[in-house]
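Peer 1: Following the hints, put chain B in place on chain A, whose structure we already have.
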Amino acid sequence: DAMVIQNPRYQVTQFGKPVTLSCSQTLNHNVMYWYQQKSSQAPKLLFHYYDKDFNNEADTPDNFQSRRPNTSFCFLDIRSPGLGDAAMYLCATSRGSGANVLTFGAGSRLTVL
Amino acid sequence: GENVEQHPSTLSVQEGDSAVIKCTYSDSASNYFPWYKQELGKRPQLIIDIRSNVGEKKDQRIAVTLNKTAKHFSLHITETQPEDSAVYFCAGGDSSYKLIFGSGTRLLVRP
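Protein sequence lines correspond, in order, to chains A and B.
When you read off a place in the first sequence, starting at 1, and then add 972, the result is the number in this note's numbering.
Read in this note's numbering, the second sequence has 36 at position 50, and its numbers run on one by one without any break.
One chain only, chain A, in its complex shape (with noise of 0.2 angstroms):
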């Protein structure tokens, strides 16, 4: 009854070697967000979409790219990771408008060797 389900849980790439993971949510939540989190610091956001309109964070670096092709899933490209890199990304979903409850997925976490 998983509903907000990330693949791979666990990834492990090597230094500039792109990277991709995935999302799908099957509460039909309009809005997909997703966060960084290191060892033992607060999740950070990165981007999140409202329906297909993208919102990039400020601070977010060039080198994460997103993209939504529907409704259910969405997608968090690292197209040059660094070892800073290294960390569990957590995709969220949430419906209505404005701040809501999230519902997180079990997040992936990337290893960069």
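Hints should not be assumed to be uniformly reliable.
Stated by the list, open to error - Cut-off 30 angstroms, straight-line C-alpha distance, at most; resulting in silico cross-link-like pairs (DSS-like, lysine-lysine):
1. A/Lys1016 <-> B/Lys28
2. B/Lys23 <-> B/Lys43
3. B/Lys54 <-> A/Lys1016
4. B/Lys43 <-> A/Lys1016
Claimed, not checked - The calculated label-pair distances, taken between Cβ atoms and stated as ranges, are:
5. A/Gln986 <-> B/Glu1: 40 to 48 angstroms
6. A/Glu1029 <-> B/Thr55: 45 to 53 angstroms
7. B/Gly41 <-> A/Arg1051: 24 to 32 angstroms
8. B/His(-7) <-> A/Met975: 30 to 38 angstroms
9. B/Thr(-4) <-> A/Tyr982: 23 to 31 angstroms
10. B/Gln31 <-> A/Thr1043: 38 to 46 angstroms
11. A/Leu999 <-> B/Ser14: 28 to 36 angstroms
12. A/Arg1039 <-> B/Gln67: 40 to 48 angstroms
13. B/Leu94 <-> A/Val1073: 44 to 52 angstroms
14. A/Arg1051 <-> B/Glu65: 31 to 39 angstroms
15. B/Lys43 <-> A/Met975: 18 to 26 angstroms
16. A/Tyr982 <-> B/Asn39: 28 to 36 angstroms
These aren't lab readings, by the way, just hints derived from the structure by calculation.
All C-beta atoms in this analysis are idealised placements derived from N, C-alpha and C, irrespective of residue type, glycine included.
Peer 2: Below, chain B without anything else, positioned relative to chain A:
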């Protein structure tokens, strides 16, 4: 933009005692304040939330209070149990759909 500060960063209490975690926010337009619990290696889970038209909300052993004038809100856990041990995050959001998290509090409940 919104900035949320949370303290303490770590909190150790004896089982059965109460725990209080406090957050302050900067953006007066923020109107939604959830609290998430994150156990080691797991996703954050919502435990309680409050909107700016309410001053207090309670759910069994957990309560949240909001002071809009002072721009701070607090999480209160009574009769703590070892399974309450986790990292707790507060967050603040407004009509922009963005939710900004505090830095987290690691709560340890000693048996």
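Peer 1: Indicate, hint by hint, whether the structure satisfies it.
Peer 2: Evaluated hints:
1. A/Lys1016 <-> B/Lys28: Judged against 30 angstroms, a Cα distance of about 16 angstroms means the pair holds.
2. B/Lys23 <-> B/Lys43: holds, 17 angstroms
3. B/Lys54 <-> A/Lys1016: The given pair, whose Cα atoms are some 24 angstroms apart, holds under the 30 angstroms limit.
4. B/Lys43 <-> A/Lys1016: The given pair, whose Cα atoms are some 27 angstroms apart, holds under the 30 angstroms limit.
5. A/Gln986 <-> B/Glu1: 40 to 48 angstroms: holds, 46 angstroms
6. A/Glu1029 <-> B/Thr55: 45 to 53 angstroms: violated, 29 angstroms
7. B/Gly41 <-> A/Arg1051: 24 to 32 angstroms: Since glycine 41 of chain B and arginine 1051 of chain A have Cβ atoms about 47 angstroms apart, the given range 24 to 32 angstroms is violated.
8. B/His(-7) <-> A/Met975: 30 to 38 angstroms: Once the Cβ atoms are compared, 32 angstroms apart, the range 30 to 38 angstroms for methionine 975 of chain A and histidine -7 of chain B holds.
9. B/Thr(-4) <-> A/Tyr982: 23 to 31 angstroms: holds, 28 angstroms
10. B/Gln31 <-> A/Thr1043: 38 to 46 angstroms: Since glutamine 31 of chain B and threonine 1043 of chain A have Cβ atoms about 24 angstroms apart, the given range 38 to 46 angstroms is violated.
11. A/Leu999 <-> B/Ser14: 28 to 36 angstroms: holds, 31 angstroms
12. A/Arg1039 <-> B/Gln67: 40 to 48 angstroms: holds, 43 angstroms
13. B/Leu94 <-> A/Val1073: 44 to 52 angstroms: violated, 27 angstroms
14. A/Arg1051 <-> B/Glu65: 31 to 39 angstroms: Distance hint for arginine 1051 of chain A, glutamate 65 of chain B is violated at roughly 50 angstroms.
15. B/Lys43 <-> A/Met975: 18 to 26 angstroms: Since the Cβ atoms of lysine 43 of chain B and methionine 975 of chain A sit about 24 angstroms apart, the hinted range of 18 to 26 angstroms holds.
16. A/Tyr982 <-> B/Asn39: 28 to 36 angstroms: About 42 angstroms separates the Cβ atoms of tyrosine 982 of chain A and asparagine 39 of chain B, which means 28 to 36 angstroms is violated.
Hints 6, 7, 10, 13, 14, 16, counting from the list given before, are not met by this structure.
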